[in-house]
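Put chains S and Y on the given structure of chain E with help from the hints.
Chains as they are written, first to last, in my numbering: chain E, 3 to 290; chain S, 18 to 129; chain Y, 414 to 704.
Among these hints, one or two may not hold up.
No more than 20 Å apart at the CA atoms, straight line, and that leaves these computed lysine to aspartate or glutamate pairs for DMTMM-like [claimed, not checked]:
#1 Lys246/E / Glu668/Y
#2 Lys626/Y / Asp141/E
#3 Lys627/Y / Glu68/E
#4 Lys215/E / Glu668/Y
#5 Lys571/Y / Asp111/S
#6 Lys100/S / Asp141/E
#7 Lys99/S / Glu98/E
#8 Lys415/Y / Asp30/S
#9 Lys99/S / Asp230/E
#10 Lys571/Y / Asp30/S
What follows is a set of in silico ranges between Cβ atoms, one per label pair, in the way DEER data are often shown [unchecked claim]:
#11 Asp462/Y / Glu65/E: 48 to 54 Å
#12 Pro111/E / Gly26/S: 54 to 60 Å
#13 Lys99/S / Arg493/Y: 40 to 46 Å
#14 Pro111/E / Asp462/Y: 53 to 59 Å
#15 Pro111/E / Leu79/S: 46 to 52 Å
#16 Asp238/E / Lys127/S: 54 to 60 Å
#17 Thr483/Y / Gly90/E: 37 to 43 Å
#18 Lys644/Y / Lys127/S: 43 to 49 Å
#19 Glu57/E / Asn532/Y: 38 to 44 Å
Hints in this document: simulated from the structure, not taken from any laboratory. Built from N, CA and C at the ideal position, the CB exists for glycine as well.
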Amino acid sequence: MKIAIASGKGGTGKTTLSVNLSAYLAEDEEIVLSDLDVEEPNSGLFINARMVHEEEKYKMVPEWKEDQCTLCGICQEVCNFHAVIQLGEMIMVFPELCHGCYACSELCPTDALPMIPKKMGMLKHLQNDKLSFIESRLDVGEEQAVPLIKQSQDYIDEHFTDDILRIYDSPPGTSCPVIEATKDADFVILVTEPTPFGLHDLKIAVETMKELKKPFGVVVNRHGIGNDGVLRYCEDKDIPVLAKIPNDRKIAELYSEGKLIYNEVPEVKQELDKIIAYLRTLKQGGVQ
Amino acid sequence: MKIAFTTKGTEWDSMMDPRFGRTEFFLIYDEENDELKPHDNRSSSNDAHGAGPKTAQVLFGLDPKVLITGNGPGGNAASVLKKARIDIYVGAGDMTVKEAWEAYKEGKLKKF
Amino acid sequence: MKEIVVISGKGGTGKTSITASFAFLGGADVIVADCDVDAADMHLLLQPDFARGEDFYSGELAKIHPDNCTQCGKCAEVCRFEAISVIDGMHTVDPLSCEGCGYCARICPTNAIENLSMNVGKWYISSIKTGSLMVHARLGIGADNSGKLVAKVKNEAKRLAEETNKDYIIVDGSPGIGCPVVSSLSGASFVVLVTEPSVSGLHDLKRVYELVKKFNLKAGCIINKSDINEKVTQEIEAFLREENILHIVNLPYDEQFTKAMTNGQTIIESDTNGLKQMIVDSWSKIKLTIN
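Extracted from the complex, chain E is given alone in its bound form (with noise of 0.2 Å):
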């Protein structure tokens, strides 16, 4: 079963719930953890694991051969993106802004623009005990997360069995990563805050997951701040609420160091177990 851990802004404590799901059902059973948040990876930092592999990343990108090149400017016409462009005598291409449609290489008339493997980030697989860590990393100055999010849920499904919990860190927001990150998934938590802005992000997150016609549930971070316009949301919607997770200034504390906090607050604790309840008849129910 894939379960993907997304909300509509930042902030709201996806990397929190990620981590601490993870590490806490990977005491009695495997799990692979994955960060999807390419641009911003921030779920290694509350892991401690071993490196067990690590690879450099690709997308494919045209290179321009000078001389097979009769200058004749196919290449940066059809590029909607411009990625290539002609200089005079020259042909550049500006890998970060490819998207790799391959319109340039394959409209050329004298195949003078191969499409080579240019890297692109980096994939890093730990392990420590039951728990499997994937992260993905997008070099700065590159600009397209999706393929990245793409070959990281590939690999996952290359080295893991179908049977093995996925969690995945999607990135925040609604646009494209977004929906790589979730389109897979067999269920969807979207975090929030009790707060307005939360619950002004929430509803469109819900939009986008409705749309994507993707099962999801709500998980309440920072319980007891703000108001309760999330929770009747919820139930005037009919969407399920699977855990309140406490205000508490500890876990705040506790999550700048970049420590696990289910072991440390027991509270904690009980709202994972009600999450992990949940999915549990969710398996049974037939999701797989």
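Relative to the frame of chain E, chains S and Y by itself:
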């Protein structure tokens, strides 16, 4: 020698545009015949991504030796300008074109 | 006219609450631009009236016209994004997968594919409760915040500031380190970095400051919730000294922020303890630095 300015208008008294990729205009000053020519770059606002290198390509076509601007171009545009051998001077974002030109002549602008 | 851009790298540091407080303090002198369109929350504090709105188009999307299509399948062959599939015997584009590269339209032998400009959301000019104006935007699902939208919001804000002779534009900047935040920073007079003393806060601050440095921009930093972790706060302060970044203020962990937000207010309108004064002083400090 031709000198390019990123600007919001087409006169010596116009304000500089501190941006490069999405600058509204270029003003090209030709020292030899004391001529000031505008180039409208407002169509760059149609580009979702890659406005920088596209604008750098346009500037290459205008053939200046020096660019005077505000914050300086981003990485991709900077590499095009380097290939095009255009020298870049920055820090003129809050000035009028005339003030920027004088600051440049007096050596007060920083080379990018 | 000066442009102040507030960014944070990481979410949840209090960036929007602080930006809205500055906007409130600046009152009629300040045009507000909300470029954090992924989590555009500023309107919850400043209560815009959405008086004028306009559709926003960015990028392209392929559309196959069934009347001209011979179902030859060449489009699906060249598409690298698996965006074209056959549904009920017809070649069809999945809008969420299409990247808008335009390759399919170029090679279609019967010109049955059209590239449509994509409507990705709306942008607005609103009156707000500070007695001034705000430019903001709302994105559709799966639409990417782009440099183009950020540039549009900022341009409109600038135009309004010039027309009405305002002293300042305050920009709530985009998150991350990609194209939108680059566009947020472009043209700034001063950058305010809002961070918190956590391992992730410091990590993201350093990443986003790399970008600020590239553009030679003057910057100052607000450390929010500074008493949560004194040790990391000291590390951040050391980083600020090293990089010659103005240390604006340390704000304590205070649930007053959330209480104010819950009432739809900025901290300036609601506070009873010292937080309000600290923000008033910070705003004065920023104004002093840039003028």
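Hint compliance check: list the failing hint numbers for this structure, sorted ascending. 3, 4, 6, 9, 12, 13, 15, 18
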